[in-house]
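Kindly produce the complete structure, drawing on both the sequences and the hints.
What follows is each chain in one-letter form.
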Amino acid sequence: MTDFLQLFFSGLATGSIYALAALGFTLLWQASGTINFAQGEFVMLPAFMMLGFLSAGFPLWLAFVGSCVLSVFVLGWLFKRGLVDPLFKYGMMPIVVATIGLSIAMRNAVRAGYSAEPQPFPNLFPETVYDIAGVTISATDIGTFVFALILVLVTQTFLSRTVTGRAMQAVAQNTESASVLGINVPRMIFYTFAINALLAAAAAILVTPTYLAKFDMGASLGTKAFFAAIIGGFNNSRGALLGGLIVGVCENLSAAYISPSYKEAVALVIFMLVILFKPQGLLGKKEERKV
Amino acid sequence: MKKLSVLFGVLALAALVLVPSMLKSHGIYLFTYWLIYVIATMGLNLTVGYAGQKSLGHAAFFGIGAYVVAIGMQSGLSFWAGLPVAALSCFVVGLILGFPALRVQTIYLAFATLGFNTAVWLVMRNEEWLTGGTFGINNIARPEAFGISFDGNLAFYYLVLGFSVVLAALLWGLLRSPWGKAFTALRDNPIRAESLGVDIRRYTLLSFAIGGVYAGIAGALFGSLVQFIDPAPFTVEASIMMYLMVVVGGPGYFLGPLVGAAVGVILPEWLRFAQAWYLLVFGAAVMGLMIWLPDGLLSIPDRIRAKRQSREASAARAAAAQGVKS
Numbered sequence: 010m011t012d013f014l015q016l017f018f019s020g021l022a023t024g025s026i027y028a029l030a031a032l033g034f035t036l037l038w039q040a041s042g043t044i045n046f047a048q049g050e051f052v053m054l055p056a057f058m059m060l061g062f063l064s065a066g067f068p069l070w071l072a073f074v075g076s077c078v079l080s081v082f083v084l085g086w087l088f089k090r091g092l093v094d095p096l097f098k099y100g101m102m103p104i105v106v107a108t109i110g111l112s113i114a115m116r117n118a119v120r121a122g123y124s125a126e127p128q129p130f131p132n133l134f135p136e137t138v139y140d141i142a143g144v145t146i147s148a149t150d151i152g153t154f155v156f157a158l159i160l161v162l163v164t165q166t167f168l169s170r171t172v173t174g175r176a177m178q179a180v181a182q183n184t185e186s187a188s189v190l191g192i193n194v195p196r197m198i199f200y201t202f203a204i205n206a207l208l209a210a211a212a213a214i215l216v217t218p219t220y221l222a223k224f225d226m227g228a229s230l231g232t233k234a235f236f237a238a239i240i241g242g243f244n245n246s247r248g249a250l251l252g253g254l255i256v257g258v259c260e261n262l263s264a265a266y267i268s269p270s271y272k273e274a275v276a277l278v279i280f281m282l283v284i285l286f287k288p289q290g291l292l293g294k295k296e297e298r299k300v
Numbered sequence: 003m004k005k006l007s008v009l010f011g012v013l014a015l016a017a018l019v020l021v022p023s024m025l026k027s028h029g030i031y032l033f034t035y036w037l038i039y040v041i042a043t044m045g046l047n048l049t050v051g052y053a054g055q056k057s058l059g060h061a062a063f064f065g066i067g068a069y070v071v072a073i074g075m076q077s078g079l080s081f082w083a084g085l086p087v088a089a090l091s092c093f094v095v096g097l098i099l100g101f102p103a104l105r106v107q108t109i110y111l112a113f114a115t116l117g118f119n120t121a122v123w124l125v126m127r128n129e130e131w132l133t134g135g136t137f138g139i140n141n142i143a144r145p146e147a148f149g150i151s152f153d154g155n156l157a158f159y160y161l162v163l164g165f166s167v168v169l170a171a172l173l174w175g176l177l178r179s180p181w182g183k184a185f186t187a188l189r190d191n192p193i194r195a196e197s198l199g200v201d202i203r204r205y206t207l208l209s210f211a212i213g214g215v216y217a218g219i220a221g222a223l224f225g226s227l228v229q230f231i232d233p234a235p236f237t238v239e240a241s242i243m244m245y246l247m248v249v250v251g252g253p254g255y256f257l258g259p260l261v262g263a264a265v266g267v268i269l270p271e272w273l274r275f276a277q278a279w280y281l282l283v284f285g286a287a288v289m290g291l292m293i294w295l296p297d298g299l300l301s302i303p304d305r306i307r308a309k310r311q312s313r314e315a316s317a318a319r320a321a322a323a324q325g326v327k328s
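Each protein sequence line maps, in turn, to chains A and B.
Start counting at 1 in the first sequence, then tack on 9, and there's your number in our numbering.
Start counting at 1 in the second sequence, then tack on 2, and there's your number in our numbering.
It should be emphasised that the hints constitute simulated quantities derived from the structure, not laboratory data.
Be aware that a few hints might be false.
[What the hints assert, rightly or not] In silico lysine-lysine, DSS-like type, Cα no more than 30 Å apart, as pairs:
1. B:183 x A:98
2. A:98 x B:309
3. A:287 x A:272
4. B:309 x B:5
5. A:272 x A:223
6. A:98 x A:294
[To be verified] One side of the interface only, derived from the structure: several residues of chain A facing chain B at Cβ under 8 Å:
7. 96
8. 101
9. 102
10. 103
11. 109
12. 118
13. 270
14. 280
15. 288
Glycine included, every Cβ here is placed at the ideal spot set by N, Cα and C.
If you want it as structure tokens, here you go:
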């Protein structure tokens, strides 16, 4: 039982990072119909930005703030202006292909321009390990989970309680009526891209100490985020949290109890089950298909 | 026009026969490598370009073909006995993979196929008793037939060229048959196709199965070419690259795979010393292509033609307007 709890809690920590990436992914989808195949690379790039700031002699917190600002500019504004806006009118698949191209370009830009070797990254949390009734939990796991959970909840509250957030949701639900109501649609869509960039930067600072900063660190993270988003429900931002936690916990448990070498397949199996029995996701609402 | 394209085809084929015989062994290797990927992406072009099913799991078929033949040869079968088995397994797996496509479309299908690829890759990596795991399978012999050994690089190249020509001709025939029309109908408007009596269920499954067979045959040849296989060339990344090859060349253009495989496999292999820089440029080029030329490189002639026609039409309108005035 203690083993189980231990695995469960460390799974929650991993899952909360998936949830961060998945949340940004769902928000982009809702607001602008963008499927971002480069989501994993959106986490990788801020990690290297922080490394750059750190090697320039900044303390970690300042490096984080700096890379947040830089991320909002590059992964938010530039991404929207340069890639999504020109392709928006063509529908979904061209954006998908273009973001695949973007992920290849970003990955290899870091590989060619910085380094192909994994780079160490400073720990955000102390390396203490707590022992609660026989269950050992590391401070990193607790810190990661709490930090990620707070970020997800803050984003949720922002979306549902503030005027701007509600305007963003209105845009996501029905762009035309939102603009009739006087909402500045392009600005709201930009806010979504900015939030996605911030969540990616936050995921970067949480995940890099364990994964190390490497040009291809985003590959598996991006796929897990997609699966988590679809499992939870693509048109519901609470679904991303649920999906991320489910994937993280199930991965950890099956690695221990079934087979560690098939850990990568867990997200896939859950995804297939969800697609077969509840295609709109666990918390999603059904979307009617138009002829 | 028709005569011109026949002439062009004959010239291209003559070049494919003659040029490699003048090259050194690495050049021949690159040409063979290219043709193998052309065969594989021809299949994907059927699935994606003609039938419109967004498949991101094509490298899995490529791998299944390679492993089935390699394992068969390890246990004493000849290449020629292994090849039909590989093609048949890919056909069956393709039918099975087609089933999610009956339920979900576009991006969901892309992820389902991507997940399928991950699963196949995990089996290749983990089931050491069968596939040799990360150590792979060594010493895969090249085939021989009727006393002719295809062991030499050039001889093997001609074998692959023969396969590509036959498979291309078969695909050409398939696309011009009612089946081909049914595939494009499925892509352009599935609901309309169904209401016209096209069995969309059958054609969706078949588009995956036939596309898979092409990849399987290509995979079998790939194993013979490099004479060693491990799970690395059959990852999700490889599938995504194949998808990009189809898109870059021009989905639904018959010759698209020739161009796509050249920019997607041959250039990075040739520019191995600067691969990261090449892929950086490639990724950026894909983005540019989507913005300015979303139908792929081979749509350039069509575009020029369309532009010229619209210019001529507007000139004719202007002339007609002049005539009315005077």
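Going down the list of hints, with the structure as the test:
1. B:183 x A:98: 28 Å, holds
2. A:98 x B:309: 21 Å, holds
3. A:287 x A:272: At roughly 23 Å apart (the allowed maximum being 30 Å), residue 272 of chain A and residue 287 of chain A satisfy the hint.
4. B:309 x B:5: Status holds; Cα separation ~24 Å.
5. A:272 x A:223: 21 Å, holds
6. A:98 x A:294: 25 Å, holds
7. 96: 6 Å, holds
8. 101: 6 Å, holds
9. 102: 7 Å, holds
10. 103: 5 Å, holds
11. 109: Result: holds, 6 Å to nearest chain B Cβ.
12. 118: Because about 5 Å separates residue 118 of chain A from the closest Cβ in chain B, which is inside the 8 Å limit, the hint holds.
13. 270: 4 Å, holds
14. 280: 6 Å, holds
15. 288: 6 Å, holds
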